[in-house]
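Participant: So the protein sequences, as listed, match chains A and B.
Add 2 to a position in the first sequence, counting from 1, and you land on the number used in the numbering used here.
Add 2 to a position in the second sequence, counting from 1, and you land on the number used in the numbering used here.
Please note that the accuracy of each hint is not assured.
Just so you know, same-sequence chains aren't split out, so a pair can sit in one copy or run between any two.
Unchecked claim - Here are the simulated DSSO-like cross-link-like pairs (lysine-lysine), alpha carbons at most 30 Å apart as the crow flies:
{"no.": "1", "residue 1": "185", "residue 2": "429"}
{"no.": "2", "residue 1": "121", "residue 2": "95"}
{"no.": "3", "residue 1": "236", "residue 2": "327"}
{"no.": "4", "residue 1": "429", "residue 2": "463"}
{"no.": "5", "residue 1": "410", "residue 2": "96"}
{"no.": "6", "residue 1": "334", "residue 2": "216"}
{"no.": "7", "residue 1": "450", "residue 2": "327"}
{"no.": "8", "residue 1": "281", "residue 2": "327"}
{"no.": "9", "residue 1": "429", "residue 2": "30"}
{"no.": "10", "residue 1": "226", "residue 2": "334"}
{"no.": "11", "residue 1": "54", "residue 2": "214"}
{"no.": "12", "residue 1": "463", "residue 2": "229"}
{"no.": "13", "residue 1": "327", "residue 2": "226"}
{"no.": "14", "residue 1": "126", "residue 2": "226"}
{"no.": "15", "residue 1": "229", "residue 2": "327"}
{"no.": "16", "residue 1": "370", "residue 2": "30"}
{"no.": "17", "residue 1": "429", "residue 2": "242"}
I should point out that these hints are in silico values taken from the structure, not numbers from a laboratory.
One-letter residues, chain by chain:
There are 2 protein chains.
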Amino acid sequence: MRADIANLKYVFEPKSIAIVGASDNPEKLGNVILKNLVDGGYEGGIYPVNPKYPELLGKKCYADLKSISGKVDLAIFAIPAPLVPDVAEECGKKGVKAIVVLSAGFGESGNVELEEKLKSVVLKYGIALIGPNCLGVMNPESRVDSIFFPFYKFGRPGVGDISIITQSGAVGSCIADLAAYYKVGFAKFVSYGNGATINEVDLLEYLGADAKTKQIMLYLEGTKDGKGLLSALKKVNPKKPIIVLKAGKGIVAGAAAMSHTGNLAGNYTAYQAAFRQSKAIEVDSVVELFYVANMFSQVRPTGNRVGIITDGGGLGVLTADAVEKEGLDVAKMSDIGRQRLREMLPARIPIANPLDVIADSGVDIYEKAINAMIEDENVDSIVVIILFQAPAVDSRIVDVLVRASDKKKKPILVVGVGGEYTRQNRKTLDSYGIPTYGSPETAIRALKKFTEYSLFLKDKK
Amino acid sequence: MRADIANLKYVFEPKSIAIVGASDNPEKLGNVILKNLVDGGYEGGIYPVNPKYPELLGKKCYADLKSISGKVDLAIFAIPAPLVPDVAEECGKKGVKAIVVLSAGFGESGNVELEEKLKSVVLKYGIALIGPNCLGVMNPESRVDSIFFPFYKFGRPGVGDISIITQSGAVGSCIADLAAYYKVGFAKFVSYGNGATINEVDLLEYLGADAKTKQIMLYLEGTKDGKGLLSALKKVNPKKPIIVLKAGKGIVAGAAAMSHTGNLAGNYTAYQAAFRQSKAIEVDSVVELFYVANMFSQVRPTGNRVGIITDGGGLGVLTADAVEKEGLDVAKMSDIGRQRLREMLPARIPIANPLDVIADSGVDIYEKAINAMIEDENVDSIVVIILFQAPAVDSRIVDVLVRASDKKKKPILVVGVGGEYTRQNRKTLDSYGIPTYGSPETAIRALKKFTEYSLFLKDKK
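Working from the sequences, and respecting the hints, build out all of it.
Facilitator: Given below as structure tokens:
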């Protein structure tokens with residue numbers, strides 16, 4: 003293994019961090035990062051570096067790297083691009099294992115030579131380099147955090163098992179901020195920008211082997227190593243589902259991507275083929291990353307036949323439309339299953355799929371219907387639509403769904419369309435690991451992706 | 003005009019309302035509706051009808067309709083289906099102008115004869131009938147409200163200029179609840195269920211002529227009068243944009259729709275053709291109704307060339323992708339426009355579209371960029387992407403956007419992807435009439451629909 007790649011662990015779990023270009027001006031990156039490390043509770047050594055200050059935020063400030071007496075595992079660079087290679091050289095001499103270069107102004111804006119210079123320095127010393135032109139890293143467990151956005155504007159996700167690899171810092175910050183909002187925990191987050199040495203392929207391999215990572219979200223504009231990417235996707239995806247968002251699909255968008263991180267977005271069909279071949283889970287938007295990831299709390303379906311239960315007829319129709327549009331099947335319930343339901347449910351409820359249990363039905367009718375679908379051999383996954391607005395639905399619906407989901411027989415997802423009260427109820431369900439969705443269409447798209455991935459793993463066996 | 007249709011005004015603006023089947027049991031519709039009318043501040047006469055009670059919620063309760071001494075404009079029925087025709091007959095004798103029949107158990111569940119009986123009664127007396135099998139009506143201005151969902155579970159929208167016509171009560175309640183959540187005001191809301199006599203065509207015509215209605219949202223499963231529907235769409239849509247969500251597109255979904263409101267969902271291509279011919283704005287989900295409606299606060303674009311401004315490169319790429327996918331054009335800025343920008347913006351910002359003003363640019367750079375796009379003759383609409391998480395963006399961005407939008411030269415929409423802080427900022431902008439979106443994809447889909455409609459009107463001139 004390349005020495006710099008072996009040092010990636012110091013990016014995520016350093017025992018000490020130097021902030022090169024630390025500042026007392028709250029509008030400067032070097033101030034925000036230092037503050038975030040201190041406020042965020044990072045417990046290792048924190049070394050601000052800037053000849054201008056004797057002290058910053060209560061920490062001793064150093065004139066340069068060599069003045070630091072202790073060991074430095076990771077250095078975060080918040081200095082102008084032209085200064086970066088020389089300071090990287092200093093890092094090498096000091097024995098720094100990893101650097102995160104936030105600064106822009108390298109290959110992406112035509113300064114290819116400067117980027118080459120930086121590359122040769124880090125490769126010479128075996129330094130793991132994240133960047134340049136990036137947001138860097140975040141590890142909620144070790145509390146490493148190089149993101150130069152203040153906490154109040156950008157919520158930090160808690161500890162979890164999803165890792166993020168993103169070429170774009172902006173998109174990465176949106177992903178992390180949404181994760182904090184949705185209460186989705188992260189294992190590792192890395193925004194690698196230009197990926198001068200360590201790129202998406204190395205990061206996929208690294209996180210593929212990371213014990214804390216169970217799922218990976220990948221935002222990609224373009225790769226310089228198509229073959230490596232395909233091979234990494236093929237290797238990692240069967241173990242850890244990779245949900246990928248490819249940007250720069252169109253002609254203009256592709257050109258914009260080029261000027262953004264200096265990577266050729268290339269022919270989208272080639273990427274699409276790689277995703278299909280590796281069965282990586284491709285999504286169409288940042289929010290869809292979460293819709294799909296949300297499904298992975300559920301047991302995997304063994305087929306694509308969907309049972310639909312609703313207390314609002316129209317929502318059942320919209321859901322059936324979505325199922326058909328996405329190429330899943332609206333399940334034909336078995337004769338036994340239909341009979342079971344007929345015996346259990348009041349005569350006013352027609353037995354069909356979608357099963358419309360009618361708005362004035364209470365929670366126990368939901369429970370019977372869900373259990374019948376769980377038992378039915380012709381049903382592979384169950385979509386429960388709840389009109390939380392209806393008077394007959396009360397908070398016991400949460401117990402019903404948790405009990406059903408705990409059986410771990412079939413994936414169960416919930417659709418609740420509405421305002422404040424509905425959202426509160428969805429949050430409660432989400433917190434118990436039951437995926438909920440604000441519209442039938444997003445729910446079924448997520449189920450489709452989850453089903454495809456599940457069937458791919460099933461076929462592989 | 004048919005006498006019953008002429009009486010539709012008593013559905014929305016009655017001077018007095020009888021609640022047939024009023025109850026003191028909070029789990030019964032007849033209780034919820036009575037309570038909602040009282041709590042909602044309806045100022046006309048309220049007459050609970052039920053022989054069981056002398057009084058309900060402080061109101062005198064009547065044994066039957068004829069015992070009411072005053073005039074009754076509207077009667078809301080919350081009684082079992084088999085009793086409905088006889089009570090409708092009583093209404094006719096009493097001179098009631100309109101009835102809303104919430105009860106299910108008519109044509110949709112095979113009781114065609116019962117529905118025919120009801121029809122003949124209301125047509126005999128010229129009573130405007132909404133339903134049966136519906137949620138009925140809501141008029142935030144007159145405070146008529148027959149929705150049997152309690153206020154705390156289902157927010158009521160305020161007064162506004164959008165009217166809703168929905169075949170499904172459940173979908174209707176989701177639409178209204180979302181409207182309350184998004185703070186979108188309503189003119190009139192009508193859930194007409196089976197539409198035994200008054201149907202979507204009559205309601206489109208009625209609201210097309212309603213002075214308070216400026217936009218119409220239509221949820222449709224199927225119609226019994228395809229020709230009438232097309233003609234109403236063609237007549238109303240050029241005056242008041244009609245945003246339509248058609249359900250029951252697929253085979254299974256179509257059958258489900260049939261059992262739901264007894265209407266044939268029919269061949270979707272026929273509906274699609276009608277929407278295309280009339281240029282009604284078809285959307286794919288309940289939430290998209292709002293995304294599109296949101297755009298109509300803006301001046302209409304005169305072409306499909308989109309200018310994109312962003313402080314996060316990756317978000318610009320995703321937006322350009324969406325523009326290309328939806329068949330809009332990423333604008334090629336004019337030479338003058340490019341030059342104007344070059345002179346105004348710092349050298350580190352490359353002049354292009356998407357225009358990446360870079361995360362550390364402040365609010366004044368946004369203002370310059372937006373103004374340059376407003377002046378550029380090659381740009382028809384402007385998408386402003388704001389990474390609210392970035393340190394350099396502060397609350398003055400609201401002033402900048404309000405000033406730009408107030409020029410009313412080109413439509414301006416905002417994309418902000420993120421958590422709590424971003425959502426607060428979006429709410430502020432929305433409240434000033436600037437449409438905001440939580441993802442580039444939803445924004446561009448809405449812009450596409452708005453542009454199509456705008457160009458249709460332009461061509462018509």
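Participant: Each hint needs a verdict: does it hold in this structure or not?
Facilitator: Checked hints:
1. 185 x 429: Close inside one copy (9 Å) and across copies (21 Å); limit 30 Å.
2. 121 x 95: The answer is within: 16 Å in one copy meets 30 Å, while 91 Å across copies does not.
3. 236 x 327: Answer is both; intra-copy 28 Å and inter-copy 28 Å each pass.
4. 429 x 463: Neither. Shortest intra-copy (35 Å) and inter-copy (49 Å) distances fail the 30 Å Cα cut-off.
5. 410 x 96: neither (53 Å within a copy, 59 Å between copies)
6. 334 x 216: Classified as neither: same-chain Cα gap 34 Å, cross-chain 44 Å, threshold 30 Å.
7. 450 x 327: Close inside one copy (10 Å) and across copies (21 Å); limit 30 Å.
8. 281 x 327: both (20 Å within a copy, 23 Å between copies)
9. 429 x 30: For residue 429 and residue 30, the Cα distance is within 30 Å only across copies (28 Å; inside one copy 36 Å).
10. 226 x 334: between (47 Å within a copy, 28 Å between copies)
11. 54 x 214: neither (40 Å within a copy, 65 Å between copies)
12. 463 x 229: within (25 Å within a copy, 55 Å between copies)
13. 327 x 226: between (35 Å within a copy, 25 Å between copies)
14. 126 x 226: Within one copy, since 21 Å is at most 30 Å while 77 Å is not.
15. 229 x 327: between (33 Å within a copy, 27 Å between copies)
16. 370 x 30: between (59 Å within a copy, 23 Å between copies)
17. 429 x 242: within (26 Å within a copy, 37 Å between copies)
Hint violations for this structure: numbers 4, 5, 6, 11, all remaining hints satisfied.
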